[in-house]
Every structure is written in C-alpha cells, then in structure tokens.
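Chemist: Next come the chains, spelled out residue by residue.
Protein chains: 2
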Amino acid sequence: MPHLNEKTVAFLGLGLISGSLAGALRASGWRGELLGWGPRQPSLERGKALGLIDRYSLDLESVVAEADMIVVGAPPQATVELLPEVIALARSSGEPIVTDLASIKSVIVDAVQPAYNKFVPGHPIAGSEHSGVDASVSTLFAGREVILTPTAESDTDAVQSVQAVWELTGARVTLMPADDHDAALAASSHVPHMMAYALTAMLGDHALAPMKHGGGALRDMTRIAASDPVMWRDIALTNREAILEAMDAVAVEHERLRRLIAEADGDAMQQLFDRCRVIRRAHDDVLNPLLKRSESES
Amino acid sequence: MPHLNEKTVAFLGLGLISGSLAGALRASGWRGELLGWGPRQPSLERGKALGLIDRYSLDLESVVAEADMIVVGAPPQATVELLPEVIALARSSGEPIVTDLASIKSVIVDAVQPAYNKFVPGHPIAGSEHSGVDASVSTLFAGREVILTPTAESDTDAVQSVQAVWELTGARVTLMPADDHDAALAASSHVPHMMAYALTAMLGDHALAPMKHGGGALRDMTRIAASDPVMWRDIALTNREAILEAMDAVAVEHERLRRLIAEADGDAMQQLFDRCRVIRRAHDDVLNPLLKRSESES
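Here the protein sequences line up with chains A and Z, keeping their order. The numbers in the numbering used here rise by one with no breaks, and the one at position 148 of the first sequence is 148. Here the numbering used here runs 298 ahead of the position in the second sequence, where the first position is 1.
Hint data in this document are derived by calculation from the structure and do not stem from the laboratory. Don't take each hint at face value.
To be verified - Chain Z regions said to be covered by chain A (calculated; three or more residues, Cβ under 8 Å): (1) 336-350; (2) 415-425; (3) 468-482.
Virtual Cβ for every residue (Gly too), placed ideally from N, Cα, C.
Excised from the complex, chain A in its bound form:
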C-alpha cells in the first residue's frame, strides 16, 4: 500500500474544480501520478500543458484500472450518468477509492446502487463564475469547506483518505448526511444563484438599462449570474425540492420586506436591517476565510 501522496489519482473530466484540485495536490508535493480522462481531448491536452496532470487517456477502463483514487469532476447530471459505469469498472479492477465533486449529493448517492463502500461523495464549497481548466487556481480551496457525505456503507479508511487529500489543499472537511447537505446548500448557494439570475434578468429587461449605473453592490449581487449555465441547470434539476423550498422561504422574506416598505414602517425596517448586519458580521470569517479583501465599494 503506497503512502497517500504516492498514490495514482485519476481525474475524470478536467475543469475548474478538478483542475484546481490537481494543481493543489501538485503544490502540496504530491509524488504519485496524476492522470486525466475526459470526453474533451483539448481540455486534457491543456491540463497536461498547464502541468496539472502527468498524462491522459481517452480509454476509461485503463485509467480506472491504473488509479488508486478516482475523482469524478463533471457537472452534476454528467456525474450521475458516469458514476455507475466508473464504479462497475472499479469493482472489477483493484477497487480504487472513488469520490466526486458535484454540488448536490442525494442524487449522487442514489445513483450508486448497490452501494460501493469505497465511494465517498464530496463537495468542495469553492468555485468561480469562470469555468474550464484554464480557470484553475491551486489555492482555490485554501480556507474553504469541503463537505463529505459518506453513507452507512462507506469504508472508514476510504473516507479518511479522501479527507486527507482535501486537507492537503488547505480546505477544512465536514461530514454530514447527503440530505442535510442538499438542504443547507440550497439555501446557502443554490438559491443565491437563482436570486442573481432573477435580478440580472430583471435588469436586462429594464427600460433604463440600470446595470450601466451599477456599483460594487451590483457587481457582487450579479457576479455569479455569469456562472456555468449547464452546471446550474443541472443543480436546479437535481436538487429541485430543496431549492423550491428555499426559494419560497426567501420569497416570504421578500414579501415581508415589501410590506414594511409599502407601509413605510421605518422602525421595523431598521430592526430588520440591524439584525441582518449582525447575522452577516457573525459570518465574516467563514465567508472571507483568507484575505482581508478591499471590499470598499458598493
């Protein structure tokens, strides 16, 4: 059994997140081989040119057979479709550890039936409105959270290995049930994206072209509306129930605030805004884990 950082890791699909993970492992002094496989040869070629992977193959079976650990780095729907094939190949070769990066977890867990005890579902809470392997940044995970959602069947050693790999990138790892992950992330990430889309669509249709007059507030409130459309379509499709629930919860707050404004209830507004300031400031550290950004515009 090789030491962790001597293992061969295969990335199935090379994009922003998987490319950044490969880069972070490189930066940590990883000694094992980093392999690539994917549907798009140019991304793999680029990943090799950038030094993120050592080599790549277009033959899935041989890549799975060589790997000690497999990272499925595909959009959610593609991950759901690819996983059964990967795990069938894994069962019939050396039983490598398999993990994934998808932003939703319940459908991923459901896709692996019967359970494969070396499968450790994962989700790094890091990303960008940019996509593709060229947007990879080896420091993407530093200070960020990675959530793993092992099931009752998950092998403890496999979970610990995946956790150890993520900790090499500077991330902190949290374990939780897949359902809790999906409900929490619907509220903390998926619905904020839907809100950015709703805001951007409204502004795009507005007669006065208000986006021209945007400052730092609008920069921040619409940044993620430029995120990868396919990935966010997949997330919306695969975490539907939890997203709808959180969208309704935010619509209730929107309507409540609308009523305070319509009624010109300044005291209740100030109370609400005060409370929001307290909530936000209590999370400054988790939301800005590394740098004091010059957040000086709004």
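We have chain A already, so just place chain Z on it with the hints.
Modeler: Chain Z in isolation, oriented as in the chain A frame:
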C-alpha cells in the same frame, strides 16, 4: 473668484462618503480649506486627526458663510431635513454652491423649494458595507460613476463646478433627471440591497444554519446586508414607489424561474442562465472599473 481648487469646501456631516471625498480632494492637491460641521463632534475630531479636514465648527451659520462650496454628507432623511436650513443660510450669505451625496434624488429636489439655482443634487455610486469617517478611502470614487440631477433652474456654472470637483476624484460624471435616477438606482442598487436583506433574514432563521457552509457566492450575495441600517431605512422610505416597482419586477422573475425549476424545464433554464451570463459579462467593465479582482471563489 478663486480658481476651483483654491475654494473653501465645507462638509456638513463627516462619514464614509464625505470623508472619502475630502480625502480624494486632498490627494488631488486641493489648495483651498476643507471645513467640517456636523452633529457629532467625535467624527469631526477624527476627520481632522485623519487629515481629511483642516478644521471644524459646530456653528452651521459660520461654516456656510465661509464656504464657496457646501457638500451635505448626511443620510437621505437627514439631508432632506437639513437642506432647507442650509439653503436659507446660503441665500443670505455669499450664495455658495450646494451639493449633496444622497442615494435618492427626487425627494431631495422637492425639499429645496423655492429652487436655489446654485444647488446641484449629486449621488456618487460608491460606498461600502462599512460606515463612518474611519472607513474613508481616498480612492473610493476612482473609475466610479457620479450622477448629478440638475433641475431646469440649476445654474450651469454651478453644475460645471460640481462636475469638475468630482472629476478630480477620478469619477466619471453623468447628468440625468432625478426621476430617472431614482428608478434606475432602485433597480441597480436599492433592490439588490433588499434582496441581500431577504436572503440574510431567510438564512438567519434556517434550522440548518446554512450560512456556516457559505462560499464566495454567499459572501458576495450578503456583503451589503451589513450596510448602514439607518441609511438603508431612509433610502427605502424616500424612494418607496420606485423600489416597490423594482421589487415586484424581480419577484416576477423569481416566480418565473421557480416555475421552470418546478416543471424541470432544463432547456428554458439553460437559455435563461445563458442570457444572464451574457448580460453580466457585457457589464464587467462598468462593474469592475479598476482592478482585475481575484474573483475566484463561489
């Protein structure tokens, strides 16, 4: 008539925006005196200690009498209340130019009756979730837009002087009617703030405490929920109609997107997300006027 940068400028109220303007004028090599007046002596004392103003007084009448240009730097409601008194004093002294910094403009214009032709309503589209004179940054306006909303009565020389002052800070100046300003800003700034409040309130009440799991998306989507509660109460109260209209427009988009998700209409979602990406990217330059920020997390 002194050259522009030899004029005496008085700041009525010293906070983030007025302090940053004073700092930017200093940095531009302003030669005239910069005076302060305000209800809170500690802010004035601090502004002097920071080198933003040369001296201050607690006597409004004498400050107005000394000034060639007066900048009212108060929250919207306080600006509405203070302006009539300031303009009465201005009429009875040397008729200095008066401008303001409030984020809403129609109620400001309405507050100055009868019209004073040396009054030039203004709004720099720059700010921060931090407040107070200590948060002042002399580069706050660099590359940002400043909107002036002169009326039919406004003196051309006065408008040009205020425009020239703002251009010294690195801002670009746009002129438009106050009503258009209020409608555009409701959509581009005020409603985004209301959305950040609605999202933060929803998250604060959520059983799973999802904000703990927030990444860069949530950081950006809630940053402005920590903004000054009094200022945002005032903006909501004084630009009520335009804000309600834009809130309703965004609620329509929210509901439309909710329906696409409920119906699992992936094609329509992807089309919408694609369109939003195009809209956002078309405004990258105006929203990020200066620096290529490392917007690498979400």
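Chemist: Just pull the numbers of the violated hints for me, sorted ascending.
Modeler: 1
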